[in-house]
Each structure stands twice: as C-alpha cells, then as structure tokens.
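Participant: Chains as they are written, first to last, in the numbering used here: chain A, 4 to 200; chain B, 4 to 200.
Calculated from the structure, these hints are not laboratory results. Predicted, not measured: the structure shown is a model, and the values here were computed from it. Among these hints, one or two may not hold up.
A pair counts as met if it fits within one copy or between any two copies, since identical chains are not told apart.
Once the Cα atoms are required to be at most 25 Å apart in a straight line, the calculated SDA-like pairs of lysine to any residue come out as [to be verified]:
| # | residue 1 | residue 2 |
| --- | --- | --- |
| 1 | Lys99 | Pro186 |
| 2 | Lys99 | Leu184 |
| 3 | Lys63 | Glu30 |
| 4 | Lys80 | Glu64 |
| 5 | Lys99 | Phe125 |
| 6 | Lys80 | Phe45 |
| 7 | Lys168 | Gln117 |
| 8 | Lys168 | Glu98 |
Protein chains: 2
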Amino acid sequence: MSEMLSEAALDQLFRSARTFNAWLPKEVSDQQLHELYELAKFGPTSANSSPMRVVFVKSKEAKATLSPFLSEGNRAKTMAAPVTAIVATDHEFYEKLPQLFPHADARSWFAGNQPLIDTTAFRNGSLQGAYLIMAARSIGLDCGPMSGFDNAGVDAAFFAGTTIKSNFLINIGYGDASRDLFPRSPRLSFDEACRIA
Amino acid sequence: MSEMLSEAALDQLFRSARTFNAWLPKEVSDQQLHELYELAKFGPTSANSSPMRVVFVKSKEAKATLSPFLSEGNRAKTMAAPVTAIVATDHEFYEKLPQLFPHADARSWFAGNQPLIDTTAFRNGSLQGAYLIMAARSIGLDCGPMSGFDNAGVDAAFFAGTTIKSNFLINIGYGDASRDLFPRSPRLSFDEACRIA
Chain A
4 MSEMLSEAAL DQLFRSARTF NAWLPKEVSD QQLHELYELA KFGPTSANSS
54 PMRVVFVKSK EAKATLSPFL SEGNRAKTMA APVTAIVATD HEFYEKLPQL
104 FPHADARSWF AGNQPLIDTT AFRNGSLQGA YLIMAARSIG LDCGPMSGFD
154 NAGVDAAFFA GTTIKSNFLI NIGYGDASRD LFPRSPRLSF DEACRIA
Chain B
4 MSEMLSEAAL DQLFRSARTF NAWLPKEVSD QQLHELYELA KFGPTSANSS
54 PMRVVFVKSK EAKATLSPFL SEGNRAKTMA APVTAIVATD HEFYEKLPQL
104 FPHADARSWF AGNQPLIDTT AFRNGSLQGA YLIMAARSIG LDCGPMSGFD
154 NAGVDAAFFA GTTIKSNFLI NIGYGDASRD LFPRSPRLSF DEACRIA
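Using the sequences plus the hints, can you model the full thing?
Facilitator: The structure is reproduced here in structure tokens:
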C-alpha cells in the first residue's frame, strides 16, 4: 500500500505550483522532454486509448511557425518560453488499439461511431495533457498552460494531412516568480464543488 | 527552483500506479476525500474556471442509485469500491468567474458563446478529473477510472435541475493487486506520440 507523499512533494505538485508567465533563461533539454513523456504516458486512459500527441516546439523556426496563431496576450510569453508543448489529439486513436489494448477487439468499440470517437479523444487527450503538466512538475519543471490560440491555424501548420487536432498549449521551463506572476486566484471550497453521498 | 521528486514518488504517481478492479476491505474516510479535493483544486484551469463538480458516492443508498446506470462490466467492481467519484462538469461554470477570476470580467468571455462554454467545460473538467486521480495517488489512494456508464441516467439521478453533467467515474480505495489486475498494457513510445520541432 502507498503512503502519502512528503509535504514538499505535495507542495511541488499542487499547493505551491503556479502557472508561470515569465521564464528563467535556462534550457529544457531533449532528454527532459523524453523523461516527461516517459512518466506521463502511464496515466490511465479509456481502454488505454492514449490519444494524446505532442509537438514540443523548441527551435526558433518552429516558434515562428506557431507565433501568428497565438492570442495577443499569449504571444510574448510563449515566444520566451524554452519549450511550448502543443498538446493534441489523434481522432483516429482507435487504429492503435490492437497495439495498446491487445486482449480484446477494442477497435470495434469505436470505429464508425464518430460521437464516441470524438468524446473519447477529447476527454482522454485532455486527461493526458493534465498528466503531462503533473509529470513536468514532478521532474522539477514549471508549466504555463493556455487555451488562447487559433486551433485551426495550428492544425494546418503542424498537423496537415493527419487526423490530429490541437487541444491546448503548455509553456514549459523554469518559471521566474519575480515577473508577471499573478497572485494565486481563489479556488472553490469543498462544499462549493463536492458532496459526499 | 524545484527538484525532481524521489524515484519512489515517481513510481507511486506514474510508473507503478495501476487502474485497479478489486479493492481491499479498508474504508476511505470523509477526511481523506477532503484532503484529495484540497490538493486537486490547485491544478490549473483556463481562466481558473474550475468547472469540475464531484459527487463522492459512498453510502449504500447512493451506490444503489448509481448501480443501474453502470455498464455490466463496471457494476460489480464499482459496488465493491469504498468510494466512487462522479466527476462532473458545471456548464454554467462562468457564473462563478467573478469569484474565481476577480481581476478581469472573465464571465463576459464565455456568457452566450455556447460552443466555447461547452469546449472549455469539457476540456477543463477533464483536466481536473486527472488532477483528482493524481491527488488520490499522492495521498496513498488507488483509482479505477471508467467511462462505461449511462451519462444521461446518472445526470437525472444526481444532477436533476442543475447545469451539471457527468463526465467520468473514478473508483477510489486501496487496490487489491492479487485480484483482477490486468498486466500493464503497452504505451506508445516517445517517437510514436511526440516530436521535438
């Protein structure tokens, strides 16, 4: 049976973790991006469908390709971030189910049922995006997730000719708490968000 | 700056964590459910919108209400779990933005734009569901998330007369690794799921 993580770990993952808008001038290595994915991939998805696909935008050229599709308020901080992950979703994820869920014909549960495909892709691709955020924090990186961008533009620039569609973006690096860090916004209390039945 | 978490913590959160189908006969306290939420609530959401709402189904009566809406394969294990969280989403989340995002009129970004409301609710409610899974693992609990149930039936039974809709379910307790634990299914490799641009 597992124990509770240390107070320091709970702080790092949840209580002290913040959405950063400014970044220290410190690179994120390709090795760290691999470490990140190698943790995040284990998070649970429906029928192990694992629909998330990620482009880690790191080079000047790829950042320039991304730039015009960012909302005005997201542009400067994203250009300055060491890495921007385009968290995307493969809407033909079910074609990989013979590999990912070998003990049953899970492909047949989805193929041809477009509403189920799209709902499963969006729900589970989003879950995996959250696992990616938690994995980044777990290895000592900070995140700045964002939804404000032109999804269709990003899809045309990065996923043309595929069944992959962008979901949201995550700036990744080492957050600079001395700049552009908003005060922590309030959260809903347990009684506002939850009940025990 | 943060450090990498311990190997044991990374195992507990990601590498050794499993989706359990059988549960040890050990209760999950209301206090633990509060601890769980008090961590998960800090995970980032778009404009701090925090659309997730949760019913922790714990009593025999509430379990009996849930039971008929479960898919056949999910029923017995869910009835046996100490707690089943109904992870749901408030599609009028934007009415709480004056409280949750006090430094701007974020309510006006959403009100009246139903496609944006629904996309934001589903994406961010799902992110928060993943934070709930990671928070449960962080405090030493195991999870069994599921999508196989009659959402409309659950909504009518638990959320009638509200703007809250069910998203997915999470059985929560202490997993029994000696029963009904499938072998770990394969995951996509980095190169299958990601690229660095």
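Participant: Hint by hint, say whether it matches the structure.
Facilitator: Verification of the supplied hints:
1. Lys99 x Pro186: between (43 Å within a copy, 18 Å between copies)
2. Lys99 x Leu184: Close across copies (22 Å), not inside one copy (41 Å); limit 25 Å.
3. Lys63 x Glu30: within (13 Å within a copy, 53 Å between copies)
4. Lys80 x Glu64: within (16 Å within a copy, 51 Å between copies)
5. Lys99 x Phe125: For Lys99 and Phe125, both the intra-copy (16 Å) and inter-copy (24 Å) Cα distances are at most 25 Å.
6. Lys80 x Phe45: between (30 Å within a copy, 22 Å between copies)
7. Lys168 x Gln117: Close inside one copy (15 Å) and across copies (20 Å); limit 25 Å.
8. Lys168 x Glu98: within (16 Å within a copy, 29 Å between copies)
Comparing the model with each numbered hint stated earlier shows that all of them hold.
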